[in-house]
Amino acid sequence: MCHHHTSETSKSNDKVWHPDDTAQPTPKKPNSSEIYRSDILETIEERIKELDSELRALSLDIHAHPELGYQEFYAHDVYTKLMVKHGFEVTRQYLLPTAWKAVFTHGQGGRTIGVNSEMDALKGIGHACGHNLIGMSGVAVALALRAAMEKHDIPGKIVLLGTPAEEGGSGKVVLLEKGGYDSMDVCLMCHPAPGPIGSVSLSSCLALQRITVEYKGHTAHAALSPWEGKNALDAAVLGYNNISALRQQLRPTHRVHGIFEGKDWAPNIIPDYAKFICYVRAPTRSEMQATVKHVTPCFEAAALATGCEVTIVLEQGSTFDLRQNEALGGEVANIVLNKYGAIDFEWGIKSASTDFGNVTYALPSLHPGFAIPTILDGGNHTPGFEQAAATIRAHHACLDVSKALAATGIRVLTDDSFFAKVQETFKEDEKRR
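Each residue of the sequence shown is one higher than the one before, starting from 2 at the first, in our numbering.
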């Protein structure tokens, strides 16, 4: 998820929540006064309560051992060992070296509920996006679903995927392309973010395209004969400044940002190589693709001005906006509003990005955000959020949304008319893309 954009003030258009904000989620009435199969929800709540200390230990263990994308070997082993212990059929190194799959089947036939557990951390600041909570939630949802299926004799299948490299590696996109989601009827997961405690967010996120730009020039002595050189760093800086000029013509909901990287740079040598790694984001996939077409000439113009050669690569694994399934979201909202807190559409990961967006384009899916306690300017991808992800209040908030997700999964398994509505909502959404 994450790549969170933080605004300078809580009054900005980005709606990034700060702990001192007075704004609260707009109250939204439940879809109905009753919860579907409250007896099943009680089973889910009881099972998660039984698992509480084990889930807390799991979350803290993962939090204490942060690993970067595609290097989540410790997490892979911890999760797979746990799911084997709980009687799931586990496939280690599933389609990718650190991905895994845990499956439980009850009875004959029935539908398949997919669940995701993210694993990777961030360079230098550990689990500052709360993937320890996301991983724990996947386990909680899967084990609660199993308990409900067994106690109430509900046929169906649970597929829990351990998904690597969400932070910049598009792990779910790779798994999707390799068929990792093919058997699922729906897929569920959640993500922590700043926000009023007790709130669950059903906002979307931004689609994201990564662009790598390489400039090649010619070295020269920077003082003796600079006219002999072609300055690749100047080209990268010009590209950056061109984007700054373009920004006033971009919609305020769009994002373009990036960094320079060099090779063998020295202040007395004209740099003959520079790399610009750039991210382009927008509220929908189509808007993002249109903005990419505006951004690429910025890089070409910089090469022309400096006499450098330029190579522009649109990286594989672009990620899409979250197409939150309205029927699944409505069920989660009804449970949360009746039992656990508030629903909002303003916070969550609205101005960030996730590779789960691609999953929501492929099948009916839901990815609610849930608020955890944060410090001022301590949103995702900060040391403050890394600390927040290990708090007991964050743990309890994560378990509450996990209960709602598990109960929603059960309704998919048991209520044919509801599942038909889920499918119909997905098809209607496809027409609007």
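Hints are computed from structural coordinates only; laboratory data are not their basis.
Even glycine gets a Cβ: it sits at the ideal position worked out from N, Cα and C.
Check each hint, because a few of them may be wrong.
Straight-line Cα separation of at most 27 Å, DSSO-like style, residue types lysine-lysine; simulated pairs [unchecked claim]:
1. Lys217 with Lys294
2. Lys152 with Lys50
3. Lys231 with Lys179
4. Lys179 with Lys152
5. Lys422 with Lys294
6. Lys264 with Lys217
7. Lys276 with Lys294
8. Lys217 with Lys231
9. Lys179 with Lys340
10. Lys340 with Lys124
11. Lys276 with Lys264
12. Lys152 with Lys86
13. Lys86 with Lys124
14. Lys124 with Lys276
15. Lys152 with Lys294
16. Lys82 with Lys179
17. Lys152 with Lys82
18. Lys432 with Lys422
19. Lys82 with Lys124
20. Lys217 with Lys152
21. Lys50 with Lys82
22. Lys276 with Lys340
23. Lys50 with Lys276
24. Lys179 with Lys428
Label pairs and their calculated CB-CB ranges [claimed, not checked]:
25. Asp78 with Pro384: 22 to 28 Å
26. Gln94 with Leu305: 44 to 50 Å
27. Gly125 with Glu47: 39 to 45 Å
28. Gln290 with Lys86: 19 to 25 Å
29. Asp78 with Gly125: 43 to 49 Å
30. Asp417 with Lys179: 28 to 34 Å
31. Thr312 with Gln250: 37 to 43 Å
32. Gln249 with Glu301: 17 to 23 Å
33. Pro298 with Pro98: 37 to 43 Å
34. Gln25 with Ile376: 17 to 23 Å
Consistency of the hints with the structure:
Annotation: proposed proximity of Lys217 to Lys294 holds, straight-line Cα distance about 22 Å (limit 27 Å). At roughly 16 Å between alpha-carbon atoms, Lys152 and Lys50 fall within 27 Å of each other, so this suggested pair holds. As the CA atoms of Lys231 and Lys179 are separated by approximately 43 Å, the hinted pair breaks the 27 Å bound. Taking the CA atoms of Lys179 and Lys152, the gap is about 34 Å. The hint is violated against a cut of 27 Å.
Among the hinted pairs, Lys422 with Lys294 is inconsistent with the structure: their alpha-carbon atoms are about 37 Å apart, more than 27 Å. Our distance criterion of 27 Å between C-alpha atoms is met by Lys264 and Lys217, whose separation comes to about 11 Å. As the CA atoms of Lys276 and Lys294 are separated by approximately 19 Å, the hinted pair is consistent with the 27 Å bound. Taking the CA atoms of Lys217 and Lys231, the gap is about 8 Å. The hint holds against a cut of 27 Å.
Between Lys179 and Lys340, the direct Cα distance comes to roughly 38 Å. Violation of the 27 Å bound is thereby established for this hinted pair. Straight-line distance between C-alpha atoms of Lys340 and Lys124 comes to about 37 Å, which puts the hinted pair past the 27 Å bound. The straight-line distance between the Cα atoms of Lys276 and Lys264 is roughly 9 Å, inside the 27 Å bound, and the hint therefore holds. Distance restraint check for Lys152 and Lys86: the Cα-Cα separation of roughly 19 Å lies within the 27 Å cut-off, and the hinted pair is therefore satisfied.
This hinted pair does not check out: Lys86 and Lys124 have alpha carbons roughly 31 Å apart, beyond 27 Å. Between Lys124 and Lys276, the direct Cα distance comes to roughly 20 Å. Compliance with the 27 Å bound is thereby established for this hinted pair. In summary, the hint linking Lys152 to Lys294 is not supported, as the alpha carbons are separated by about 54 Å, beyond the 27 Å threshold. A distance of roughly 24 Å separates the Cα atoms of Lys82 and Lys179; the hinted pair therefore holds under the 27 Å criterion.
For the given pair, Lys152 sits about 24 Å from Lys82 by alpha-carbon distance, which is consistent with the 27 Å threshold. Note on Lys432 and Lys422: the hinted pairing holds, with a Cα-Cα distance of about 16 Å set against a maximum of 27 Å. At most 27 Å may separate the alpha-carbon atoms for a hinted pair to count; Lys82 and Lys124 meet this at roughly 26 Å. For the given pair, Lys217 sits about 65 Å from Lys152 by alpha-carbon distance, which is inconsistent with the 27 Å threshold.
Among the hinted pairs, Lys50 with Lys82 is consistent with the structure: their alpha-carbon atoms are about 21 Å apart, no more than 27 Å. About 51 Å separates the Cα atoms of Lys276 and Lys340, which puts this hinted pair outside 27 Å; it is violated. Taking the CA atoms of Lys50 and Lys276, the gap is near 51 Å; set against the 27 Å cutoff, the hint is violated. Between Lys179 and Lys428 the CA atoms are separated by roughly 23 Å; this keeps the pair inside 27 Å, and the hint holds.
In this structure, Asp78 and Pro384 meet the distance hint of 22 to 28 Å, their C-beta atoms being roughly 27 Å apart. Under the hint 44 to 50 Å, the C-beta atoms of Gln94 and Leu305, about 47 Å apart, fit the expected range. Remark: the range hint 39 to 45 Å for Gly125 to Glu47 is upheld by a beta-carbon distance near 40 Å. For the pair Gln290 and Lys86, the supplied restraint of 19 to 25 Å is violated, since their beta-carbon distance comes to about 45 Å.
The supplied range of 43 to 49 Å is broken by Asp78 and Gly125, whose beta-carbon atoms lie about 24 Å from each other. Range check, Asp417 to Lys179: Cβ separation about 31 Å, and the 28 to 34 Å hint holds. Between Thr312 and Gln250, the C-beta spacing of about 25 Å breaks the proposed range 37 to 43 Å. Here the CB-CB span from Gln249 to Glu301 is close to 20 Å, well matched to the stated 17 to 23 Å.
Between Pro298 and Pro98 the Cβ separation comes to about 38 Å, which falls inside the hinted range of 37 to 43 Å. Range check, Gln25 to Ile376: Cβ separation about 19 Å, and the 17 to 23 Å hint holds.
Hint compliance for this structure: hints 3, 4, 5, 9, 10, 13, 15, 20, 22, 23, 28, 29, 31 are broken, all remaining hints hold.
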